[in-house]
Amino acid sequence: MLHETQTSSNDYLIKQLPVSTVFVNKKFKIIHTSDKWITYFDFTNRDVIGLSLFELFEDISKSWKKDLNNIIKGKAMLSGVENFYDAQKNEKWFEYVNVPWYDEKENIIGVIIQTKDISDTIFDDIKLEKLEILLRDKSEISKIGSWEYDAVQDKLSWCNITKRIHEVSEDFVPDIESGIKFYKEGYSRNTIAMAVDRAMTKGIAWNETLQLITAKGKEISVIAAGKPVFKDDKFLGVIGTFKDITDEVLKKVKTEEQERIFSSIFNSSYQFTGILDTEGTFLEVNDTALQFSDLRQEDIINKKFWDAYWWPIPDMVKEGLKQVIAAAAQGEFMRSEIVVLDKNKQPIPVDFSLKPIYNENDKVVSLLAEGRMIKEMVEARQKLKISEQKFRSLYELSPIAYILSDFETGEILDFNSSFETATGYSKEDMTNLRYADIIPDSSKYKLTNFLKEVDSIGTYGPFEHMFAKKDGTSYPVLISGSLVGNKKGRKLLWSTAQDISEVKKKEKQIREEQKLLKTLIDNLPLNVYIKDLESRKILVNKSELIYCGFKEESEVLGKSDYEFYDKKSALISREEDQRVINSLIPILGKETISVKKDGSITKFMTSKIPLIGPDGEASGLIGISMDISDLKQKEQELRDLINVTSIQNKQLINFAHIVSHNLRSHTANFSMLLEFLVDEEDANEQDNIIKMLTEASDNLLETLDNLNEVVAISTNVNLDKKPVNLNKKIAAAEKNLAAFLKKNNAKIINKIPDETYIKVIPAYIDSIIMNFITNAVKYKDDSRDPVIKLTVSENEKYTILSIEDNGLGIDLNKYGEKLFGMYKTFHDNSDARGIGLYITKNQVEAMNGKIMACSEVGKGTTFNIYFNDKA
Amino acid sequence: MTKLKSIAIIDDDPITVFGIKRMLSALNVSENINSYVNGKEAIDDFKSIIKNNEEVPEVIFLDINMPIMDGWQFLEEFITLPITHKIRINILTSSIDPVDRENWKFYMTRTHHIIDYKNKPIQKKEIEEITKAA
Numbered sequence: 005m006l007h008e009t010q011t012s013s014n015d016y017l018i019k020q021l022p023v024s025t026v027f028v029n030k031k032f033k034i035i036h037t038s039d040k041w042i043t044y045f046d047f048t049n050r051d052v053i054g055l056s057l058f059e060l061f062e063d064i065s066k067s068w069k070k071d072l073n074n075i076i077k078g079k080a081m082l083s084g085v086e087n088f089y090d091a092q093k094n095e096k097w098f099e100y101v102n103v104p105w106y107d108e109k110e111n112i113i114g115v116i117i118q119t120k121d122i123s124d125t126i127f128d129d130i131k132l133e134k135l136e137i138l139l140r141d142k143s144e145i146s147k148i149g150s151w152e153y154d155a156v157q158d159k160l161s162w163c164n165i166t167k168r169i170h171e172v173s174e175d176f177v178p179d180i181e182s183g184i185k186f187y188k189e190g191y192s193r194n195t196i197a198m199a200v201d202r203a204m205t206k207g208i209a210w211n212e213t214l215q216l217i218t219a220k221g222k223e224i225s226v227i228a229a230g231k232p233v234f235k236d237d238k239f240l241g242v243i244g245t246f247k248d249i250t251d252e253v254l255k256k257v258k259t260e261e262q263e264r265i266f267s268s269i270f271n272s273s274y275q276f277t278g279i280l281d282t283e284g285t286f287l288e289v290n291d292t293a294l295q296f297s298d299l300r301q302e303d304i305i306n307k308k309f310w311d312a313y314w315w316p317i318p319d320m321v322k323e324g325l326k327q328v329i330a331a332a333a334q335g336e337f338m339r340s341e342i343v344v345l346d347k348n349k350q351p352i353p354v355d356f357s358l359k360p361i362y363n364e365n366d367k368v369v370s371l372l373a374e375g376r377m378i379k380e381m382v383e384a385r386q387k388l389k390i391s392e393q394k395f396r397s398l399y400e401l402s403p404i405a406y407i408l409s410d411f412e413t414g415e416i417l418d419f420n421s422s423f424e425t426a427t428g429y430s431k432e433d434m435t436n437l438r439y440a441d442i443i444p445d446s447s448k449y450k451l452t453n454f455l456k457e458v459d460s461i462g463t464y465g466p467f468e469h470m471f472a473k474k475d476g477t478s479y480p481v482l483i484s485g486s487l488v489g490n491k492k493g494r495k496l497l498w499s500t501a502q503d504i505s506e507v508k509k510k511e512k513q514i515r516e517e518q519k520l521l522k523t524l525i526d527n528l529p530l531n532v533y534i535k536d537l538e539s540r541k542i543l544v545n546k547s548e549l550i551y552c553g554f555k556e557e558s559e560v561l562g563k564s565d566y567e568f569y570d571k572k573s574a575l576i577s578r579e580e581d582q583r584v585i586n587s588l589i590p591i592l593g594k595e596t597i598s599v600k601k602d603g604s605i606t607k608f609m610t611s612k613i614p615l616i617g618p619d620g621e622a623s624g625l626i627g628i629s630m631d632i633s634d635l636k637q638k639e640q641e642l643r644d645l646i647n648v649t650s651i652q653n654k655q656l657i658n659f660a661h662i663v664s665h666n667l668r669s670h671t672a673n674f675s676m677l678l679e680f681l682v683d684e685e686d687a688n689e690q691d692n693i694i695k696m697l698t699e700a701s702d703n704l705l706e707t708l709d710n711l712n713e714v715v716a717i718s719t720n721v722n723l724d725k726k727p728v729n730l731n732k733k734i735a736a737a738e739k740n741l742a743a744f745l746k747k748n749n750a751k752i753i754n755k756i757p758d759e760t761y762i763k764v765i766p767a768y769i770d771s772i773i774m775n776f777i778t779n780a781v782k783y784k785d786d787s788r789d790p791v792i793k794l795t796v797s798e799n800e801k802y803t804i805l806s807i808e809d810n811g812l813g814i815d816l817n818k819y820g821e822k823l824f825g826m827y828k829t830f831h832d833n834s835d836a837r838g839i840g841l842y843i844t845k846n847q848v849e850a851m852n853g854k855i856m857a858c859s860e861v862g863k864g865t866t867f868n869i870y871f872n873d874k875a
Numbered sequence: 002m003t004k005l006k007s008i009a010i011i012d013d014d015p016i017t018v019f020g021i022k023r024m025l026s027a028l029n030v031s032e033n034i035n036s037y038v039n040g041k042e043a044i045d046d047f048k049s050i051i052k053n054n055e056e057v058p059e060v061i062f063l064d065i066n067m068p069i070m071d072g073w074q075f076l077e078e079f080i081t082l083p084i085t086h087k088i089r090i091n092i093l094t095s096s097i098d099p100v101d102r103e104n105w106k107f108y109m110t111r112t113h114h115i116i117d118y119k120n121k122p123i124q125k126k127e128i129e130e131i132t133k134a135a
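Chains as they are written, first to last, in this note's numbering: chain A, 5 to 875; chain B, 2 to 135.
Some hints here could point you the wrong way.
Stated by the list, open to error - As a list, the in silico DSS-like pairs of lysine-lysine whose alpha-carbon atoms are at most 27 Å apart: (1) Lys-120/A <-> Lys-235/A; (2) Lys-119/B <-> Lys-654/A; (3) Lys-125/B <-> Lys-87/B; (4) Lys-40/A <-> Lys-235/A; (5) Lys-22/B <-> Lys-4/B; (6) Lys-119/B <-> Lys-822/A; (7) Lys-448/A <-> Lys-510/A; (8) Lys-519/A <-> Lys-546/A; (9) Lys-48/B <-> Lys-87/B; (10) Lys-220/A <-> Lys-159/A; (11) Lys-4/B <-> Lys-863/A; (12) Lys-519/A <-> Lys-474/A; (13) Lys-546/A <-> Lys-474/A; (14) Lys-126/B <-> Lys-22/B; (15) Lys-106/B <-> Lys-695/A; (16) Lys-695/A <-> Lys-125/B; (17) Lys-30/A <-> Lys-19/A; (18) Lys-474/A <-> Lys-492/A; (19) Lys-69/A <-> Lys-31/A; (20) Lys-822/A <-> Lys-133/B; (21) Lys-818/A <-> Lys-125/B; (22) Lys-818/A <-> Lys-41/B; (23) Lys-41/B <-> Lys-782/A; (24) Lys-695/A <-> Lys-126/B; (25) Lys-818/A <-> Lys-106/B; (26) Lys-448/A <-> Lys-509/A; (27) Lys-347/A <-> Lys-308/A; (28) Lys-326/A <-> Lys-379/A; (29) Lys-818/A <-> Lys-48/B; (30) Lys-654/A <-> Lys-106/B; (31) Lys-185/A <-> Lys-159/A; (32) Lys-4/B <-> Lys-125/B; (33) Lys-41/B <-> Lys-822/A; (34) Lys-818/A <-> Lys-52/B; (35) Lys-818/A <-> Lys-654/A; (36) Lys-133/B <-> Lys-4/B; (37) Lys-48/B <-> Lys-822/A; (38) Lys-188/A <-> Lys-255/A.
Hint data in this document are derived by calculation from the structure and do not stem from the laboratory.
Input sequences plus hints: build the corresponding full structure.
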């Protein structure tokens, strides 16, 4: 009780302690308080004496409690910092110093607690540290940076978050000026500068959304807040926070944009779009829907869906629409084609759908009503239907077989009646039929190829193929096809097959006909060709090909005559071609001469016939040439033969005339003389006449002898020719005539080489040589001795013996024609019989030779005798 | 009957010449009968006759087939001679060659002289007519 007494005595003192002090007993019950303590903790209106300290400070910290207990246990003075919330819920900070309360006996009877309000000195290191920790904790979560400005020290400090927001390094030391400069120039920087100024001068806090430009130049949005701190009206500094709200700003911008986009899509969509609540009330409707019916927002919004203008027969559809909305509200997606009225009350088909919209809890919160005008679609569908009908009838009636098969499996899914007719398969067979079944085994290898083609380009054909019928036979088709996909993604192959048996048959027929024609043309003994308008050959037969000197048609086709013939022949041929083409008048059986480039000459019987096209113009010409070179040759030979025979005939007639003349002249004499003799009486005269008759008779005999000689030559044409040595024959003749030559002082100069052989009839050559030598001497010029020069020369056909004399010579202008005639004499020689040269000539001609003479009167004559050695 | 001034026989056959002369002398148509063995001798003589302004024979018997110059060659030259009055030339031949007849016709067209063509043997009657007509 001592204590209590003491206490009472001390009360006044304690009450007036200048320091906020409280005395508590060991049970921490308040015994004394200073007024300051009461005031500070605002217990003015409460009687706190006797109350437990812990009752007063419910949330007293454990550390303080521990401290207090330790004091009771005798521990020395302990101090600490505590906070509490006052009646106004203000946080208050105080520093406490606990000292033991001793009685006179030094027994600890309680604790004296001195507190000092430090709420205003929160810049104490401890508090700052605590705050920093606190802020840091908080910042890490909410990304709120903090900062303090110590006005006393003029020191600005940023927490790490703040530094990160500014994108500066952690050792960055900011000051007020640099801090302000981080704000974006203009509104942000002005605002912050003014806010700081107001805070310092008027103590007004700020909280602004501003833009910062970070050290790295990034623009960010922050909520910058600051609160000035005063103590005793003295400005101590500012504490503040930064919150980076860039993401939120961006998000907000994005959201706004999305809303805008949504709204514009919503409004400008071609679809009618409305949002209904689950009861069918319009929340939104887009412009398209409004314009379609010429309505305003207020006509629709907050009205029921089924009450809208556009239902043609509202009463009938109302219940149905209600059900539809109810079903959609239950989460069903509703879709159907309906008819609505446009602003002109025209019914328009619409593809309508109602789609439930869920919130995050999977609850239907609203309904999205959409309508698409399908007028075009409906029309298109109508058209489609018609064209499908058309297709159907085509499909069924077409003579072309259609086959629909599964590309992957080869299953045949459908075919038309044409296919049935052609193959003998019926619809019942379809189930087990595979595409491969309608391809005969012999052409299955092709199947793989065209399936590959289909797979790569989607279509195949058209190409010729074979189809197998049900009965196992096959027929040719022209097939093509294309790949179509059905809705289920199944690859389907549409194939068409045209029966080309007939075509093939015709083709075969044509081919055979062509072959026949070709064989015919090729084997004709004629050159056949077809030329185009430019005279280029576009068809040649074998004869023409061979004539052109080639083996392959390709070497000739497309070439013109200029490439085969010499220029002149080609030019003539081209002119003919052009004439035929232009006039359309054929050239028939014209004899032409073609000279090829190698110089070989061919005579042709040529026909050129214009090929007249359907337009009546020539499209080219057909040429037919017959090689008549041989024919011409034969013709020439024949002509020559005719010439020969006609000459011979003439000779024969001539001979006959000569014979008749000669015989007649003698018989005429006989007849005349005999007449005289009959009437003659004078014996002398009779003798004379008889003498003349005898003479005439002799003449007749001689004539007959001569004729015999000539006839002998003509009948001996078949005597064999033999090679004889010419000089030997000449030597023999010289020997026979030796006396005659000597008598006439004749000289023979023989320049014929000894080895000269000629192919002759030996008897004739004797006679010929004798005759010429005799003649040369007989018709000598009396003023000089006869000289006979013999030489020989040769050309490709003949060996020519030349007999040159220096005799009288003959005026060939006068007598040339008769030189070799029978009984022609040209000189006054009494022994000229006019038979020698005639016989000689006949002999030479009988050996296929000829005689030529040249002569000059007074100088001499040269006879050239052509012996035909070759024939 | 006036006698012919002169007659020429051109023939290489002496028997024919003998025959004609004998018939002429029997008819006694001319005192002056000359014969030539070929055309050349005759033409040469006629040229000299013309040169001497004498008269060429009025009647000529002409053979065709003769050496040196035959009847045709003779005619060829004869028709060029400057003889204004008509001479009667009798071609006398044993030829039956139609060519000779053609030649005769050809020469007839080329001259004003009278040319006749006869085959041998010639008859006395024919000689008589020839000389009478002159």
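If you test the structure against every hint from before, which numbers come out violated? 11, 12, 13, 15, 18, 20, 21
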